[in-house]
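Protein chains: 8
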Amino acid sequence: GYAKLDHHRKIRKGYGEVILCEGKSTEHLINIFKHFADNETDVLGTRASKEQYEKVREIIDVEYDELSKILKLKRSKYENLGEIAICTGGTSDIPVAEEAAQTAEFFGSKVLRIYDVGVAGIHRLISKIDQISRTNCIIAVAGMEGALPGVIAGMVDKPVIAVPTSVGYGANFKGVSSLLTMLNSCAEGIAVVNIDNGFGAGYIANQINRLVVGSIGK
Amino acid sequence: GYAKLDHHRKIRKGYGEVILCEGKSTEHLINIFKHFADNETDVLGTRASKEQYEKVREIIDVEYDELSKILKLKRSKYENLGEIAICTGGTSDIPVAEEAAQTAEFFGSKVLRIYDVGVAGIHRLISKIDQISRTNCIIAVAGMEGALPGVIAGMVDKPVIAVPTSVGYGANFKGVSSLLTMLNSCAEGIAVVNIDNGFGAGYIANQINRLVVGSIGK
Amino acid sequence: GYAKLDHHRKIRKGYGEVILCEGKSTEHLINIFKHFADNETDVLGTRASKEQYEKVREIIDVEYDELSKILKLKRSKYENLGEIAICTGGTSDIPVAEEAAQTAEFFGSKVLRIYDVGVAGIHRLISKIDQISRTNCIIAVAGMEGALPGVIAGMVDKPVIAVPTSVGYGANFKGVSSLLTMLNSCAEGIAVVNIDNGFGAGYIANQINRLVVGSIGK
Amino acid sequence: GYAKLDHHRKIRKGYGEVILCEGKSTEHLINIFKHFADNETDVLGTRASKEQYEKVREIIDVEYDELSKILKLKRSKYENLGEIAICTGGTSDIPVAEEAAQTAEFFGSKVLRIYDVGVAGIHRLISKIDQISRTNCIIAVAGMEGALPGVIAGMVDKPVIAVPTSVGYGANFKGVSSLLTMLNSCAEGIAVVNIDNGFGAGYIANQINRLVVGSIGK
Amino acid sequence: GYAKLDHHRKIRKGYGEVILCEGKSTEHLINIFKHFADNETDVLGTRASKEQYEKVREIIDVEYDELSKILKLKRSKYENLGEIAICTGGTSDIPVAEEAAQTAEFFGSKVLRIYDVGVAGIHRLISKIDQISRTNCIIAVAGMEGALPGVIAGMVDKPVIAVPTSVGYGANFKGVSSLLTMLNSCAEGIAVVNIDNGFGAGYIANQINRLVVGSIGK
Amino acid sequence: GYAKLDHHRKIRKGYGEVILCEGKSTEHLINIFKHFADNETDVLGTRASKEQYEKVREIIDVEYDELSKILKLKRSKYENLGEIAICTGGTSDIPVAEEAAQTAEFFGSKVLRIYDVGVAGIHRLISKIDQISRTNCIIAVAGMEGALPGVIAGMVDKPVIAVPTSVGYGANFKGVSSLLTMLNSCAEGIAVVNIDNGFGAGYIANQINRLVVGSIGK
Amino acid sequence: GYAKLDHHRKIRKGYGEVILCEGKSTEHLINIFKHFADNETDVLGTRASKEQYEKVREIIDVEYDELSKILKLKRSKYENLGEIAICTGGTSDIPVAEEAAQTAEFFGSKVLRIYDVGVAGIHRLISKIDQISRTNCIIAVAGMEGALPGVIAGMVDKPVIAVPTSVGYGANFKGVSSLLTMLNSCAEGIAVVNIDNGFGAGYIANQINRLVVGSIGK
Amino acid sequence: GYAKLDHHRKIRKGYGEVILCEGKSTEHLINIFKHFADNETDVLGTRASKEQYEKVREIIDVEYDELSKILKLKRSKYENLGEIAICTGGTSDIPVAEEAAQTAEFFGSKVLRIYDVGVAGIHRLISKIDQISRTNCIIAVAGMEGALPGVIAGMVDKPVIAVPTSVGYGANFKGVSSLLTMLNSCAEGIAVVNIDNGFGAGYIANQINRLVVGSIGK
Ligand SMILES: Nc1ncnc2c1ncn2[C@@H]1O[C@H](COP(=O)(O)O)[C@@H](O)[C@H]1O
Ligand SMILES: Nc1ncnc2c1ncn2[C@@H]1O[C@H](COP(=O)(O)O)[C@@H](O)[C@H]1O
Ligand SMILES: Nc1ncnc2c1ncn2[C@@H]1O[C@H](COP(=O)(O)O)[C@@H](O)[C@H]1O
Ligand SMILES: Nc1ncnc2c1ncn2[C@@H]1O[C@H](COP(=O)(O)O)[C@@H](O)[C@H]1O
Ligand SMILES: [Mg+2]
Ligand SMILES: [Mg+2]
Ligand SMILES: [Mg+2]
Ligand SMILES: [Mg+2]
Ligand SMILES: [Mg+2]
Ligand SMILES: [Mg+2]
Ligand SMILES: [Mg+2]
Ligand SMILES: [Mg+2]
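Just so you know, the protein sequences line up as chains A, B, C, D, E, F, G and H, in that order. Each step along the first sequence adds one to the number in our numbering, with nothing skipped, and position 90 is 90. Each step along the second sequence adds one to the number in our numbering, with nothing skipped, and position 103 is 103. Each step along the third sequence adds one to the number in our numbering, with nothing skipped, and position 131 is 131. Each step along the fourth sequence adds one to the number in our numbering, with nothing skipped, and position 62 is 62. Each step along the fifth sequence adds one to the number in our numbering, with nothing skipped, and position 209 is 209. Each step along the sixth sequence adds one to the number in our numbering, with nothing skipped, and position 143 is 143. Each step along the seventh sequence adds one to the number in our numbering, with nothing skipped, and position 212 is 212. Each step along the eighth sequence adds one to the number in our numbering, with nothing skipped, and position 66 is 66.
Wrong hints could be hidden among the right ones.
[Stated by the list, open to error] With a Cα cut of at most 35 Å, we get these calculated DSBU-like pairs of lysine-lysine:
(1) LYS55(A) <-> LYS128(H)
(2) LYS34(A) <-> LYS128(C)
(3) LYS50(G) <-> LYS24(B)
(4) LYS174(H) <-> LYS24(A)
What the hints contain is simulated information worked out from the structure, not anything from laboratory work. Given the structure is predicted, the values throughout are model-derived calculations rather than measurements.
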């Protein structure tokens with residue numbers, strides 16, 4: 001029966017709720033954060049502007065990170081276990097990578113950050129491959145041509161979550177080029193999330209990692 | 001150094017090699033299969049036509065499945081461990097689902113098949129949710145509107161690999177509609193592979209499952 | 001002959017005239033509103049900016065709603081009859097939903113608002129289905145993946161008017177993803193309007209509802 | 001609770017089940033038709049090929065119409081009530097129009113067919129407008145430029161369901177041009193279905209008509 | 001030989017030179033206008049901003065029209081002969097129509113302006129058809145669905161130059177919808193220019209009209 | 001009043017009727033041709049297959065040209081007056097050019113054919129420019145990059161009707177590349193018809209030419 | 001003056017003429033080959049079908065290669081000088097690579113073929129890099145994700161001509177994905193030709209190589 | 001082995017490093033420039049804003065050009081040898097052309113600038129062809145229809161690097177129209193870089209030129 005879904009919702013609450021802040025009114029955001037604060041539920045807000053943060057913190061004691069635009073309320077305490085690697089092609093991809101990293105950390109993973117190892121200078125990546133291949137899951141973030149995830153997946157036998165970014169110009173079409181590259185990769189072991197969706201990548205990479213090392217509270 | 005990559009290749013060989021048969025000449029295919037047969041390596045060929053199969057089996061003792069178009073040479077013996085669920089929206093999505101299923105089985109997973117549970121009649125899906133949520137990873141295959149993976153991910157807290165299919169017509173644009181639906185899902189825990197890429201989904205789902213239950217031979 | 005068309009125009013005037021305010025000069029808008037005010041015709045202006053409202057109300061006594069951007073002049077009095085349901089996937093879709101709701105109310109329908117029942121947490125929707133299915137027509141408004149109308153149409157046997165919104169980012173392409181999802185729905189009983197076109201949905205839903213309960217003044 | 005959905009399914013069965021035949025194996029199709037024949041349920045199959053028909057009728061006594069590609073099993077008897085109008089721009093749009101017409105007739109409506117009244121010679125349409133405007137709902141089917149639904153909706157105050165067809169060449173892009181025209185119509189009272197989706201239009205037009213004249217069996 | 005081209009250039013100069021002002025630096029624009037002023041050549045500048053006008057007129061005595069964004073220097077005197085009609089679907093299309101109208105007037109045609117006669121209320125257009133059909137060439141300007149040129153070409157046997165505008169939203173895609181409608185028109189006697197290219201339409205319509213009534217100076 | 005339209009139709013009949021044969025059943029085609037033959041009206045059928053021709057001529061004495069796919073019934077006799085030029089970029093564009101040429105000839109123009117003068121070897125074109133510039137209207141037909149119309153319009157001060165063809169491969173996208181080139185031409189005096197629409201170009205070029213030299217029968 | 005162009009054509013003739021055979025009638029092809037044979041000019045025909053070859057060789061003694069679809073008439077004798085490297089990602093890209101290779105050889109270059117070194121197994125490529133970097137120009141041919149040219153350009157400081165192929169499926173969109181990848185490459189020293197345009201790549205690579213080693217006959 | 005790559009990097013350093021400044025934080029930019037300044041390496045920064053320049057020069061003595069947006073640090077001294085030609089269609093394309101020109105000069109080439117010679121007035125180009133054809137490589141920069149590179153390549157037998165610009169409006173789609181024109185050119189000897197990518201063109205043109213005249217320091 002459907003009742004089980006509610007049960008499932010309760011279990012999932014252990015991890016906390018997620019809010020897409022972009023496009024929400026401040027008033028609405030404050031209500032949501034207050035509601036969860038009252039229910040002792042952790043909240044992860046994504047794509048929050050600095051203005052939204054400033055309004056919300058007048059009422060509730062939230063934390064904000066300008067780079068990743070993550071606005072969070074985290075009160076529960078548990079140890080982060082297991083590691084995921086997050087790689088970027090360039091330095092302009094770092095905001096998206098940080099959205100992924102901080103999402104994964106919020107939900108219980110440790111993160112190994114390997115930034116600016118794009119394929120135009122592939123020796124930088126090769127020197128890190130051993131380290132990367134020891135983690136449970138890899139997030140590869142890249143704009144422009146978007147070749148990084150495919151190259152990593154060709155060298156490492158762990159699941160690779162590919163994140164195209166809108167970094168680029170002209171025939172990049174705001175990330176479409178990278179997205180298509182990643183969807184068409186010849187390497188085995190890649191799955192893709194939406195353009196600039198660091199959150200989505202961090203969430204599923206954490207799911208995978210926590211399945212491997214054991215769920216929280218088990 | 002790079003030598004480690006070779007080491008990694010050898011380890012991966014335990015799982016076998018993968019060949020995209022579509023677009024290859026029969027002669028070339030036979031050479032590949034013979035080469036691996038001589039090296040006692042398992043081979044998984046995808047998108048093989050019946051004609052290719054008939055030519056190859058004249059030389060080597062391969063198996064072929066018409067529905068999934070998988071052509072394989074499997075000699076190593078080990079127990080499949082851990083389960084993944086594979087769901088489809090309609091019956092026309094089954095060939096792609098079978099490509100995924102047989103790929104995952106080839107590489108060491110057990111597969112729970114839940115076909116024809118599309119969101120146009122959502123009670124069919126709901127009655128199976130408990131069973132689905134007990135597996136380690138879910139592959140959701142859907143054409144036309146492609147809403148299935150999002151609905152599943154909203155109910156289950158396991159990683160969902162979404163596979164858009166080219167089933168549909170008109171503004172479906174040979175799977176683009178489903179692909180976009182899946183990339184834009186609001187539910188947490190989804191990553192997407194290329195249109196009709198059952199193989200890719202089966203491969204990464206198996207990677208995840210085998211990480212959870214332990215790699216082959218460990 | 002063509003004369004009948006004019007006759008038809010006169011009948012329709014009972015419902016009032018509709019103006020797309022976006023892209024019109026204030027001067028032009030004021031003229032239109034004045035003209036209809038003089039002819040005792042109701043006017044519904046859509047996509048009006050606050051600036052346009054402020055200029056127009058200096059001359060004529062119009063009403064404005066900031067959320068839906070509807071600017072109206074309504075003087076005729078008649079009872080709203082029959083109900084349509086308006087559902088949204090998220091809270092960011094509410095402005096479009098309100099454009100639909102207030103259009104339908106302007107032309108003579110009652111509106112049941114069921115907001116934030118997106119498919120990522122489908123139990124919220126299921127608990128409202130009975131109530132929804134008792135109305136004469138349903139408007140389903142959704143951005144991102146746009147799966148809501150298809151899921152509703154699968155559960156309810158009333159006409160569903162689907163409104164894609166431009167809410168989302170990346171491969172959402174300003175609403176194209178939702179639009180395609182809705183056009184490709186496998187569920188029976190869906191028709192779609194333009195991205196963000198709450199007005200169009202409200203208009204046709206009211207037409208349907210008023211056909212069922214009887215036209216105004218009959 | 002969810003049980004009501006099942007209840008609703010049972011009610012809906014009164015109308016019969018719908019099958020998209022395209023892409024289904026003959027074996028699978030025969031099973032479906034047999035299953036429903038055993039349960040005394042009417043079945044409407046769409047996009048069926050002549051080959052599929054010939055195989056199915058060897059087993060079950062189905063009817064087939066080559067123009068609309070509708071394959072049906074209809075045993076229940078009830079009077080068709082209320083009328084919908086179906087208009088086409090050209091003669092090449094007739095197969096799609098017939099899919100709509102026969103779907104609407106299958107589910108309980110009468111159909112007024114007004115074919116080949118495209119806007120390139122608008123006087124043909126104008127001479128029929130009075131007749132069209134007396135029906136409960138209009139389906140307007142057009143390829144190439146797709147202007148017909150907008151012109152009709154500008155003259156008639158009844159809901160118009162617009163069906164773009166893939167008739168055309170070059171920058172028509174297999175119906176995309178017509179689809180966009182229809183979504184962008186300035187006239188009030190239009191909603192759109194997928195390219196070539198006569199079935200979808202016929203289904204929702206029948207829903208609307210039957211709401212107006214009373215459901216079957218009420 | 002190629003020398004004839006120069007000869008042709010000289011003849012064409014009788015009509016004056018054309019400058020696309022958008023994207024040019026003020027300094028560059030002033031140079032161009034000064035150069036032609038010194039050579040007693042008329043100049044038509046299109047897509048000029050008010051800022052550009054204000055800078056240029058400090059140096060040269062140019063005229064500017066804010067609606068059409070035309071900046072011009074016209075000293076030669078000759079009678080405008082023959083008439084073209086310029087029709088628009090809505091009032092938002094008027095700036096583009098005025099660019100066309102003022103271009104045609106600049107180069108020697110008389111212009112009949114018939115604005116706001118879109119197909120959503122087709123009787124407005126029909127009442128003007130006789131007048132329109134007496135001109136030598138028709139420019140039909142329309143956004144959103146873009147059906148106007150096709151409807152006019154169906155009623156009038158004169159060449160119709162169709163101008164799609166970027167007026168609209170959502171699936172209009174900044175004029176692509178109107179452009180495709182116009183390219184796919186079933187009516188005879190239509191050719192299309194770029195989105196918002198009033199200049200191009202005015203230029204070729206004037207060419208056609210002047211061929212009919214005789215070239216300037218002949 | 002609308003009656004005038006009928007009057008206009010009668011006048012236009014002098015030129016004959018046009019039928020798009022592609023997608024029409026033989027039976028339907030035969031009916032149309034018979035109807036017009038009975039009414040002594042000329043008929044121009046476009047995009048007719050050889051099969052259609054063979055069936056139709058069993059009943060009526062029609063003429064067919066395999067290259068242009070034009071199927072015609074022409075009985076009225078009048079002198080063709082005034083000349084249009086038709087240029088192509090390559091030899092593969094000739095079928096489309098012939099559709100244009102034979103359409104223009106059917107309706108009363110003389111045609112100067114200048115084929116295979118594409119811009120990749122521009123001296124071939126330049127040597128013909130004088131001849132071309134003495135006609136009343138130019139049709140420029142080109143595939144691949146589609147630059148021909150712009151280059152001609154830059155050298156000649158007569159209206160240029162541009163016809164993109166689907167000749168090409170890869171990023172030509174079946175004529176989209178040529179279409180865009182033509183719509184974006186910087187040269188003055190170009191308007192564009194649909195991809196491969198030789199008929200449309202021939203029709204409007206003839207309209208222009210006949211306006212200049214005087215209508216038929218005046 | 002323009003005469004110089006003719007001079008240039010004569011010089012270029014030294015290299016021979018190029019014909020795109022696809023879409024040309026056999027009759028037309030034979031004429032072209034005969035004409036050049038009579039003028040002692042070499043001819044390179046691309047995209048020729050076997051049928052075309054068989055017809056042409058009945059008349060003239062041409063050579064044909066089925067893999068590259070090149071049909072040629074080469075009589076002049078000179079030494080090929082300087083080397084270009086041609087690399088492919090997979091074996092399915094070989095026909096396009098061979099079109100490039102044989103074009104370059106036809107016009108005077110030596111070719112180093114390095115096939116099947118795609119980035120999914122990057123060590124295969126790395127082991128060849130020294131050899132590749134000693135040539136004068138590199139052609140990198142790749143389908144699916146199209147990452148090969150970028151990776152090569154990152155390792156080698158010679159001009160890289162990138163050729164996207166239509167090899168792939170789904171969101172590859174017949175080569176669009178590879179094309180975009182290559183246009184967006186972050187590596188320095190890449191320029192791109194049309195999808196599947198091996199000829200274009202071979203031609204320009206030969207131009208570059210011959211500039212370095214000296215033109216033919218100098 | 002991979003060590004050779006490092007060796008190659010050292011050699012390439014002779015030419016200097018390249019930085020894409022757009023999207024980088026000032027802090028990050030300053031670090032990069034300081035690092036290279038300390039290592040006596042030249043640096044070429046592209047797409048730098050004036051603000052970035054002003055911040056960087058507070059710390060390091062860099063040069064900036066507002067037109068091309070190039071920010072550079074050049075200390076090594078060597079003679080520029082060999083010439084490339086850079087042509088533009090219009091004056092609005094000059095910023096992109098300057099990015100190309102200054103890149104080529106930075107890396108060791110002389111540049112012949114031939115601006116504003118678009119095909120709408122082709123005699124301007126023809127008069128310069130001899131001069132252009134004496135250089136080692138040509139960069140052709142064009143927006144709108146983008147026909148310039150094809151016309152040049154048809155007249156000159158040197159490699160042409162085509163640069164589409166985003167100059168234009170409407171169906172230009174921010175440079176897509178020009179990009180497609182260039183990819184589809186029928187002329188021999190063209191390869192294309194990304195929209196507005198003057199840097200990429202300048203880099204590869206310099207590579208070609210320096211190969212012909214000899215590398216720096218050889
Ligand atoms: N940055 C993001 N990108 C995509 N989905 C998100 C993002 N942030 C939150 N979400 C999802 O959107 C849902 C929240 O939507 P809402 O209820 O509108 O806040 C959550 O269930 C998340 O799974
Ligand atoms: N021609 C059609 N176009 C779109 N949807 C259809 C069509 N025919 C049937 N359907 C829908 O597709 C569903 C049947 O899918 P299936 O179970 O695969 O036969 C039904 O619920 C119908 O609503
Ligand atoms: N609004 C416009 N749209 C398209 N083309 C234009 C426009 N205005 C001027 N042109 C053309 O662009 C050329 C002028 O370009 P330019 O030399 O850059 O000023 C002229 O030859 C005109 O044909
Ligand atoms: N495979 C090809 N792809 C692109 N262009 C080609 C190809 N083969 C030949 N061409 C070019 O097309 C022109 C020949 O066109 P045509 O005169 O139609 O044979 C030649 O000048 C070649 O530059
Ligand atoms: Mg891997
Ligand atoms: Mg989930
Ligand atoms: Mg329903
Ligand atoms: Mg209406
Ligand atoms: Mg007409
Ligand atoms: Mg001209
Ligand atoms: Mg390089
Ligand atoms: Mg050349």
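Hint-by-hint comparison with the structure:
1. LYS55(A) <-> LYS128(H): 63 Å, violated
2. LYS34(A) <-> LYS128(C): Given pair LYS34(A), LYS128(C) holds - Cα atoms ~25 Å apart, limit 35 Å.
3. LYS50(G) <-> LYS24(B): Answer holds: LYS50(G) to LYS24(B) is near 19 Å, not above 35 Å.
4. LYS174(H) <-> LYS24(A): 31 Å, holds
Hint 1 from the list above is the single one not met by this structure.
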